[in-house]
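Note that the protein sequences, when read in sequence, are chains R and B.
Sequential numbering of the first sequence, starting at 1, is according to this note's numbering.
Sequential numbering of the second sequence, starting at 1001, is according to this note's numbering.
Possibly wrong hints are sitting among the right ones.
[Said to hold, decoys possible] Among chain R residues calculated to face chain B with C-beta under 8 Å, some are: (1) V24; (2) V31; (3) I33; (4) M35; (5) I37; (6) S55; (7) A74.
Everything labelled a hint here was simulated from the structure, so no lab data went into it.
Positions of the beta carbon are idealized from the N, C-alpha and C atoms, including for glycine.
Residues per chain are reported as follows:
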Amino acid sequence: MSGPPLQAYLLLGAVLFGVGLFGVFSQRGAVMILMSIEIILNAALLNLVAFWRFSAPAEYGAQVFFIVMTTIGAIEMAVGLAIVLMGFRNRGSQYVDRFMDMRG
Amino acid sequence: MPGMAKMEMAPELARVIPEMWLAGLVLVLFGMGPFLPARRKGWAWWLALGGLLGAFVPTLRMLTWQPQLGFDGAYAVDPLGVFFKLLLLATTVVVLLASRDYFRGMPHEGDIPGLLVLLAGSMILLASSNDLVLIALFVQLVSITSYVLVGVWKDEPLANEASLKFFLFGSVSVTVMLYGMSLLFGATGTLNLQEMARRLPQADLSIVVLGLALTLAGYGFKISMAPFHVWVADTYQGAPTPVTALLSIGPKAAGLAVLLRTLAVAVPPDETNWPAAVAAMAALTMTVGNVLALRQTNIKRLLAYSSIGQAGFLLMGVAAAGRDELSVPALLFYLVAYLAMNMGAFGVATAVERGSGSVELGGYDGLGSRAPWLAGTLTLFLLSLAGMPPLAGFIGKTMLFGAAMGAGFAWLAAVAAANSALSLYYYLLPIARMYLQPPNGSMPFRTAPALALAIGLSVAATVLVGVLPEPVVSLARSGARLFVG
C-alpha cells in the first residue's frame, strides 16, 4: 500500500478534532461555532475512513457510516443555520453572548 | 415454542412493523398537517393520537417473542426493546394529550403532532439499535427533531434562545461522540456490538477507553448526565411546556436504553471497570441536579434540575446492571414511575401556565384554594418524585437502592439517600407555597379536557404503581432480557 501511513491520517484527524474543539470554546459567533462543529465532524469521518482502509477493509459498514453521517451532518447544519437565522431576526445578532436571557 | 417458529418464518420486515407504522404516520402527518385550514388543524392531532394508539397493537404482540437480531445484526428485537417501545409510545400519547390545547391557535399547530410522532419513532429506533451506525444515526435524528420542537415558536425569543443553546451543545456532544465511535471502530475493526464484544479483549485498551469516554459525551447529552447537563435548565425553560415534558422523559429513557445496551453487550465490565465509572457519574449527576435545584424560582427550571437529579438515580441502575443483571428490572420499574410522576408534574405546570400565565413559583401561591384539584395532584407528583410512600417513586427508589447495594455500590446508595433527603426541600417548596401563601388572584382555573385526562392518567399511574406494583414489576422483569449474543 503506497501513500502516507495510517498514523498520518490519524494525526491529521486528531489535529482537526483539537482545532474544532478549540473553535467551539473560543468563538463567539454562532456561525463560526457551526463551522467548528463541522471540523470535528470531518475529524471523525477522516478517522473512520482511514481505519476502514488500513485496518478493516472488508467492513463495508464503515462506508455506510460515512455516507449516513455526511448526510445527517448536512441536515443538522440546515436546522442549525435556521435556528441561528431566527435568532438573528429576533435579536439582530448572531453572537452567542447576546443569547443570555435565561440564567441561574 | 410456537411463537418462535412463526417468527423465524416471518420476513425480516415483520420485526419492525411498529417502526414502519410510525414512519408512515409521520409521512402522512407532514404531508397533511401544515396544509390543513386553520379550523381543521385538530385533524392532525386526532390522526396522530389514533396512529400512536394503533402502534400499541403490533408492539404488544411482540412481548412474547424471543430475543433476536434483525437486519444483519444491526437491530435488536428483544424484550428490552419492546419494553422501551411501550414506554416511549405511552410517553408520547400523554404528551400529545397535554399539548392539545396548549398549541391550539398558535403558529405551527398542525406541524406539532407530526414532529411528536417523528420523535417517538426515532427514540424507539434508538432504543433497539445494535450497531454504531444506527446508534449514531438515531441519536442525531432524536436530537434534530428535538431542536425543531424546542424552537417551534420561531418568534418567541426565549424559545429561540433555548433551541440555539440546545443545538450548539447537542451537536458538539454528538460530533464528539462520532469521533469516539471512529476510535472504537479503529480499535476493534467492527461496528456491530456483539462482534465488538468478541474482539475487545485483543484490542488496544487505551484506545477503547478513550473511544468509550468520548462516546459517552453523546449518550450523556441525551441522558442529561453531568457534566453534559448544562443545556438542560435553559432549554427546558424556553421550550413549550408539553415539549419540555417529553424531553424530560423520552430522550432520557432512549439514551439510558442505548447506554445499557452498548455497555452490557459490547464492553466486558472487568477490563474497563465501566460500572464504577458509571456509578461515579451517577453520584455526580444526582448531586449536581439536586444542589442546583435548591435555589430555583421557576417551576420549569426546578423540574429541569429535578430531572437531572432523577437521571442520576436512573444511572445508578445502569451502574448496578454492570455487576448484577438482576438490577435491570429496578431501572425499568423506576422509568415507569418516573414517566407517571414527572409527566404529571409537567402536566400541572402546563395547566397553571395556561390558567395564570406564570411559570414562576409565585404563580403557585395559594393554588390550594384557587384550584384545589391541580394543587392536590401536583402535591402527589412532587411527593412521589421525592420518594414518599405509598407512591410509585417510593417503590422505584427502594428497588434502585436495593440494586445498588446488591451490586456492591453501598457508597452510591448512601449518596443517593443523602440526595433524596436534599431533594425533599425543593419538592416541598412549591407545596408550601400552594397551601400556606395567600392567593395572588381569584380567577378560577379551567383545565382543558385533554390535559385533564393526561393529568388524570398520571395520577392513576402514580398511585396504582405505588399501591399495586406487582404487574409493573413483572413487566419490568420480562423486559429485562436483551440480546447479548
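Violating hint indices (sorted, rising): Structure breaks hints 2, 4 and 7.
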